[in-house]
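S.K.: Chain by chain, the residues:
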Amino acid sequence: MTERTVRVEYLARVEGEGALTVRVRDGSVENVELRIWEPPRFFEAFLRGRAYGEAPDITARICGICPVAYQMSACHAIERALGLEVPRALRDLRRLLYCGEWIESHALHIYLLHAPDFLGYPDAIRLAKDHPEAVATGLALKKAGNALLTLLGGREIHPVNVRVGGFYRVPTREELSPLEPVLEDAFLAAERTARFAAGLAFPKVEEDYEFVALRAPDGYPMNEGEIVSSRGLRIPQERFEEEFEEVQVPYSHALQSRRRGGGPYLVGALARYALNRDRLPPRTQHLVAEVGLEPEVRNPHRSILVRSVEVAFACEEALRLLRSYGPPDRAWVEPPDGFAGGVGRAVTEAPRGILYHRYDLGADGRIREAKIVPPTSQNQSQIEADVRHVVVGAIDRPDPELADACERAIRNHDPCISCATHFLKLEVDRG
Amino acid sequence: MASARPRLAVWKFASCDGCQLSLLDCEDELLAVTDRLEVANFREASSAVVEGPYDLSLVEGSVTTPADVRHIQEVRAESRVLVTIGACATAGGIQALRNFADIEEFRRAVYARPEYIETLATSTPIADHVRVDFELRGCPISKAQLLEVISAFLLGRAPNVPNESVCIECKRRGNVCVLVARGTPCLGPVTQAGCGAICPAYDRGCYGCFGPQVTPNVPAMMAKLREVGLAPLPMHQVFRTFNALAPAFRAAADATVTSEGTHR
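Line by line, the protein sequences give chains W and H. Numbered according to the working numbering, the first sequence spans residues 1336 to 1766. Numbered according to the working numbering, the second sequence spans residues 5 to 268.
Bear in mind the hints are in silico, worked out from the structure with no lab data behind them. One or more hints might be untrue.
Label-pair ranges, simulated between beta-carbon atoms [unchecked claim]:
#, chain 1, residue 1, chain 2, residue 2, range
1, H, 138, W, 1730, 45 to 51 Å
2, H, 219, W, 1698, 37 to 43 Å
3, W, 1624, H, 148, 39 to 45 Å
4, H, 160, W, 1342, 39 to 45 Å
5, H, 77, W, 1665, 49 to 55 Å
6, H, 181, W, 1631, 37 to 43 Å
Examples of chain W residues lying across from chain H (beta carbon under 8 Å, computed) [unchecked claim]:
#, residue
7, 1345
8, 1386
9, 1507
10, 1508
By construction, the Cβ of each residue, glycine as well, lies at the ideal position given by its N, Cα and C atoms.
So that you can see chain W by itself, here it is in the shape it has in the complex:
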């Protein structure tokens, strides 16, 4: 009997702290463990007793890369609990803010975290020595996304302008209009990005994913829509916990999700695109055709191309929203009187996939219970399955090469370990 263990002690170019252990016995893969050792921060525990109005600012601190996603899911869930309808104009402004985060987060992953894998560099800094124009495009794109976040949100990381019911202050037409040429340039940069990504050499892989994403009556999904899957699931957002469950595994500080009575599933850019490609706007559709993107992408390495397409979408959508913008008559709407307490649930599309929040609020407006399921915990089991396939296909390669291939399989899904780790559920026994 021969036993071989391949370890990656500290995953590089991912957000947060994780490790990977692969055990091979007698030539076959015994187990694959994506170990998230980043310590838990207990958000769901200390949210109890806080005022609901604090949830968007507090939960933003779960993730410095996608704080807007936390603000959006928190606001929508709390507004459902309050029975608060937010008017279209404010919802459009939220969508514009989310576009900024998609651009910034995807550009970070495409150029600074993912592209070095394809071109054989340890990082974008060294990549920039040989491919200065590519890295310059990436940084310009990222900057455009951050400009949008800064203008609408006050700053790019943990924006201050989002509140339950809308915004603290809505911008004037004059404040927003300088962003139009910025986003127009960004769209062109996104086109160059997609062409750049299409020219990369992709390892041949085909995975049998169950894709899960939102799908709305119109538009590519961000804040609205039902939860759908490539295997026929179609449920309202409120039923998330009935269909998906979280399990705790001994080696990880994050809970893993799966379909109840089913297996792993995949959320994020690949899933959104597979389930919503018909919703992409015209210029982005044109780009999809130009780079020859297949209708469903099941090669996870090609997620870099799908993210590029989503960046183009976010720029095109932001331009549409900017051009049609007129300041809403109110910056936010107040909840109806006589709130007696209640539960609200919401799902929005974070850059890495669907992000679920549930809040149980008391009549005093304090949070009685909170539950948060981030995209990376949902993808963990599927990432482990991808790694297993990599190991099976490359079992004869020496350890460092195999470890490198495994790390690439993980980075394909842009895991945000900081997000995933903070949700060990505290079950309180009050005796």
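Chain H: place on chain W using the hints.
M.R.: For chain H alone, coordinates are given in the frame of chain W:
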């Protein structure tokens, strides 16, 4: 010559990654910074790791596990200059709210499988464990202040990071005072500048994410907050957010506890 450049390391403890992301968010300056500093150990950005010692270590996050307690000693030992970045590293972060939790409730609290989790009962700032050469505040830090800290390191001078209040920045920005003119609760008078007074600029009160300014008049602040009304937030929660362990904010929250142990 590459080897002549000072070596930069970026370390992460319990945090959201936002403060180290601030360095990558310096889109216009990033490549200039990396021309002057060798990125020797920055896991979020690079898979190439150069062994220490390091000339400048930026430390993000707070200490929350037994392993963190050991690791920060190692980081200090191999760092010539150690700068903590952000509210987690300088004041324990939002996760320090566990430090104030009812310990009895936490004792009775049962995880699904608590034996899998290794964590401390407290979240503490880096300076509680090792000597820190400079603390950069903020949740998140300001990019401009981060660049100032790096420039100061390269030039061998002290960083120019003002410890005045948000009010000073707010006046410079030309904002109307939200506290005086509109009665909006605002922690600007007791909070350190650095953000650019963004909250008042967006018609909301400052919520103290840069921690206390150098000479905060907390009793006066609390009296004013009571006058304008804080409902539905109790006073202790106002100071127990992202910098709850910063001494002035900690004292402010503690001062709201009555002799019966409840909050007023």
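S.K.: Which of the stated hints cannot be reconciled with the structure, identified by number in ascending sequence?
M.R.: 6, 9 and 10
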